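Colleague: One line per chain: the protein sequences are A and B, in this order.
Under this note's numbering, the first residue of the first sequence is numbered 949, with each subsequent residue one higher.
Under this note's numbering, the first residue of the second sequence is numbered -15, with each subsequent residue one higher.
Please keep in mind that the hints were generated in silico from the structure rather than gathered at the bench.
As the structure is a computational prediction, the values presented were derived from the model and not from experiment.
Be aware that one or more of the hints could be misleading.
[Claimed, not checked] Heads up, simulated EDC-like pairs for lysine to aspartate or glutamate below, C-alpha to C-alpha not over 20 Å straight-line:
no., chain 1, residue 1, chain 2, residue 2
1, B, Lys139, B, Glu112
2, B, Lys117, A, Glu1078
3, B, Lys132, B, Glu160
4, A, Lys1123, A, Asp1152
5, B, Lys(-11), B, Asp44
6, B, Lys145, A, Glu1261
7, B, Lys132, B, Glu87
8, A, Lys993, A, Glu1086
9, A, Lys993, A, Glu1061
10, B, Lys117, A, Asp1080
11, B, Lys145, B, Asp111
12, A, Lys993, B, Asp119
13, A, Lys1123, A, Asp1140
14, B, Lys117, A, Asp957
15, B, Lys(-11), B, Glu9
16, B, Lys(-11), A, Glu1261
17, A, Lys1035, A, Glu1050
18, A, Lys1035, A, Asp1008
19, B, Lys117, B, Glu150
20, A, Lys993, B, Glu120
21, A, Lys993, A, Glu1100
22, A, Lys1015, A, Glu1061
23, A, Lys1123, B, Glu130
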Amino acid sequence: MALVGNLRDFGLSDFLYLVDRGYKTGMLVLQRPGDQARLFFQNGKLVYAIQNATEDRLGDLLLRAGKITAEQRDYAVHLQQTVATNKPLGLILVELGYITREGIIRAVRSQIEETVYRLFSWTEGDFRFEPDVKPPRESVTIPLSIENVIMEGVRRIDEWSRIRDRIPTLDVIVKFADQPTERAKGVNLTPDEWRVFARINGADNIAAIARLTSLSEFDVCRIIYGFIQAGLVEVARAQVLIAPEVQARARALVEEPDAVAPVPGDGVPAEGTPPSPTGPSGPRLAPGGANGISPEARGAVQVRRGVIFRIIERIRRI
Amino acid sequence: MHTVKMVITGAVNSGKSQFIRTISEIEVVSTERKATDEETRRLKKETTVAMDFGRIAVADDIVLHLFGTPGQKRFDFMWEILSEGMLGLVVLVDSTRPDTFRETLRIIDFFNAYRPMPYVVAANKQDEDNAWKPDEVRLALRLPREIKVLPLVAKDREQVKNVLLELLYSILAVAEE
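Based on the provided sequences and hints, a complete structural model is requested.
Modeller: Put into structure tokens, the structure is as follows:
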């Protein structure tokens, strides 16, 4: 079953994360007016990508990259069609001495990376993921680490709106994911990214990290956004404050709804409005996970265990 | 009399009302604060608070209350009220609408930051062709393994029961830690 959506609602880095962690195999088609790209995945790795090309053949790719001439391509294709019908074109080109095996890999890798990095600038576009669809038969596939792709792609993001999805306020605190060392192994960080990475301690918020690293708040947010998208770090906690007047208003609303006047600014944000800078943010906690359940909730559960067993029995009988 | 409260939350159209209607023993009470004049009608989005309420009598001395509450930020203040005596909550996701995942994330982040408590996520509308599977919803929402993501068709009583039971098991697991 195809997964469909729009990049406006579910960004490319989110999708790449899903593919990576879900070990998915298949083709992701991204489309917007006059523009189409196809990304191919094998067991969660990006293995091939092409944009706006009706011709997927290796010879054309190498020609576009300036690695071989049109005459060399035509001759190799001629040989493949006449005397070497079972041989991949890449091997024929290597045997003819037109290009090395490493040269082919570099060219293909470069095409895959540049294609996917360009896609990070798409703020909207329909996507469709078709499971188990393989790359075109003649394409050379090279498995690339999704974490690196995400980190590089995020370096090219220059809008707050997407970053604010994950980092709505500078009060956000991040901590390392369960196995940061393991996940970080394959990721290449820039010096600035290392500076931020080294400051993550689960205690300092983003504003503090920006001060300590002398980087701009935007740069720190963008870097940490990349870490989050690549699964290297997680949002630990941000404080949520409910103003006393809001609490009072809530009580009044329950007791006497019609007597409470609407408060300006209490409405749904306008379409496209970024989240409030004072908006809530926090971890998605597991019961009893590292961050734990609140003492109040835990206490309530302890007191009511017998009640819970009876509810379970009752629901089973419904 | 023990009154136990469970909250069913989720983005708009995630199936909260249907979920409660399917399992409640009483006719579900849906409340909406009506706009009263032209100006408030014009600003209807800002002046409406919709809630669903259902009930299951467990025994003479125990009753389970189910509250369906909007998850949008403008209803943050409702948590102050609902969280008193709440044992856990069900977060519903419209599995056919990835455009609502972001809102779902905000809801989960909000209550975790406000008062962490046991919860399960139910990937609703699994009977529709373009539904994301529970595992895909888990990855999309970046939920840890410990959080149960359950398949759901909110019109199906057995599946609704299963979601509530799984939540209760999660609550018990917390109690046993």
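Colleague: Now tell me, hint by hint, if it's right for this structure.
Modeller: Checked hints:
no.	hint	in the structure
1	Lys139/B <-> Glu112/B	holds, 12 Å
2	Lys117/B <-> Glu1078/A	holds, 14 Å
3	Lys132/B <-> Glu160/B	holds, 17 Å
4	Lys1123/A <-> Asp1152/A	holds, 9 Å
5	Lys(-11)/B <-> Asp44/B	holds, 16 Å
6	Lys145/B <-> Glu1261/A	holds, 11 Å
7	Lys132/B <-> Glu87/B	holds, 19 Å
8	Lys993/A <-> Glu1086/A	holds, 19 Å
9	Lys993/A <-> Glu1061/A	holds, 13 Å
10	Lys117/B <-> Asp1080/A	holds, 16 Å
11	Lys145/B <-> Asp111/B	holds, 17 Å
12	Lys993/A <-> Asp119/B	holds, 18 Å
13	Lys1123/A <-> Asp1140/A	holds, 18 Å
14	Lys117/B <-> Asp957/A	holds, 18 Å
15	Lys(-11)/B <-> Glu9/B	holds, 15 Å
16	Lys(-11)/B <-> Glu1261/A	holds, 17 Å
17	Lys1035/A <-> Glu1050/A	holds, 18 Å
18	Lys1035/A <-> Asp1008/A	holds, 17 Å
19	Lys117/B <-> Glu150/B	holds, 18 Å
20	Lys993/A <-> Glu120/B	holds, 17 Å
21	Lys993/A <-> Glu1100/A	holds, 15 Å
22	Lys1015/A <-> Glu1061/A	holds, 17 Å
23	Lys1123/A <-> Glu130/B	holds, 18 Å
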